[in-house]
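Spelled out from the first residue to the last, the chains are:
There are 2 protein chains.
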Amino acid sequence: MPRAVRERQMMDAAVRTFGRRGYRAASMDEIAEVAGVSKPLVYLYLHSKEELFTACIRREAAALVAAVRAGVAGSDGEPDLPADGQLWAGLTAFFTHTAEHPDGWAVLHQQARTHGEPFAAEVAAMRDELVAFVTALIGVAARDARQDPAFSDRDLSALANALVGAAESLADWANHTPGVTAKEAAGTLMNFAWTGLGGLMAGHRWSRS
Amino acid sequence: MPRAVRERQMMDAAVRTFGRRGYRAASMDEIAEVAGVSKPLVYLYLHSKEELFTACIRREAAALVAAVRAGVAGSDGEPDLPADGQLWAGLTAFFTHTAEHPDGWAVLHQQARTHGEPFAAEVAAMRDELVAFVTALIGVAARDARQDPAFSDRDLSALANALVGAAESLADWANHTPGVTAKEAAGTLMNFAWTGLGGLMAGHRWSRS
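So the sequence lines, in the order shown, correspond to chains W and Y.
By the working numbering, the letter at position 92 of the first sequence is numbered 92, and the numbering carries on one by one without gaps.
In short: position in the second sequence from 1, add 209, done, that's the working numbering.
Check before you lean on any hint, since a few could be wrong.
As the list claims (entries may be wrong) - Derived CB-CB ranges, DEER-like:
{"hint": "1", "chain 1": "W", "residue 1": "G36", "chain 2": "Y", "residue 2": "E259", "range": "36 to 44 angstroms"}
{"hint": "2", "chain 1": "Y", "residue 1": "K248", "chain 2": "W", "residue 2": "E33", "range": "18 to 26 angstroms"}
{"hint": "3", "chain 1": "W", "residue 1": "S38", "chain 2": "Y", "residue 2": "E259", "range": "30 to 38 angstroms"}
Rather than coming from a laboratory, the hints here were simulated on the basis of the structure.
Just so you know, these numbers come straight off a predicted model, no measurement behind them.
Glycine included, C-beta positions come from ideal geometry on N, C-alpha and C.
Could you put together the complete structure from these sequences and hints?
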């Protein structure tokens, strides 16, 4: 079996074990067993529990960011949707990915942030990338809408931070609430973020045009 | 000096040191020095670094929840504001408190969540309390608006989770962006959460009536 395939199996097993048991409780024995390989082979390929965990964080972070970017870009790679359509596509991709990879999301959002600085810094870098991406998205929407007075960079950054924080919180909620689908979570966040609570109370709902 | 006063001084010093240096790097020596007491006295009163940190988390969590509740309740203890006014009051209280207690917020939002389960669980309990409070607030607003079809408990819980996640994220942003005031952060979140991005793009802004 090629090394790359074996390594992916080990990482899959590690993400699953770290996500479900937590970083501290997860053992290299269990990870090797889940991966169906010997423990020395795990150490040979991935060196230590710390390095394995860091590799898991990096892989899961890259996969999540790629999923959101691909969702917004659409099938032809051209983001020609209107702003709310792009946001819907990005949020749907985000919640679909976190729902399909609950262990990966647990690694990123719970485990990596609760076990000290080097791991937390890895996740912070991914988060910064998502915030920058959302800031640009809202910026284009604001420019298209020819806002007057225009939103400042600080306004846009604040709104993007609010949106990303809301999405993270909802992904956790969705993964811990039985029966919630990715579309439902994305729809809730669109209604919240796009329509606003005031609009919702007045009977407005966001709908995909 | 009464024990309660001494203990408060030690806790103040500990929150400041944990918040600025981080849990791991903070030493009992430094905490004692900042508090102006001897290290044995810190151990006598607060037993260990873990117990001291746990006590800090509990105190800061209780203070933050109390500040938000007091903000919403208003000066006479009667929340007779309309829903958006209550939300504005609660958010203003939240961002005022996190801005005035940046070390306490760093302890709750960064340190307590990045150093393992017992500490993370303390913060999760506070967060659950805030989410329940916001869920009830949105529930009253929805009932007053006689929404048809009514919001389900799940809808309300999802919206509250989105709002709390957005607020946490913005508090971090505000505390790391020079010159942002609590009112500005609260105003951004009201515009985001109450008016919605769609409304903002259409030139609507939430304003305090």
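Comparing the hints with the structure gives:
Remark: the range hint 36 to 44 angstroms for W:G36 to Y:E259 is upheld by a beta-carbon distance near 38 angstroms. Range check, Y:K248 to W:E33: Cβ separation about 46 angstroms, and the 18 to 26 angstroms hint is violated. With their beta carbons about 37 angstroms apart, W:S38 and Y:E259 fall inside the hinted range of 30 to 38 angstroms.
Taken one by one, the earlier hints fail for this structure only at number 2.
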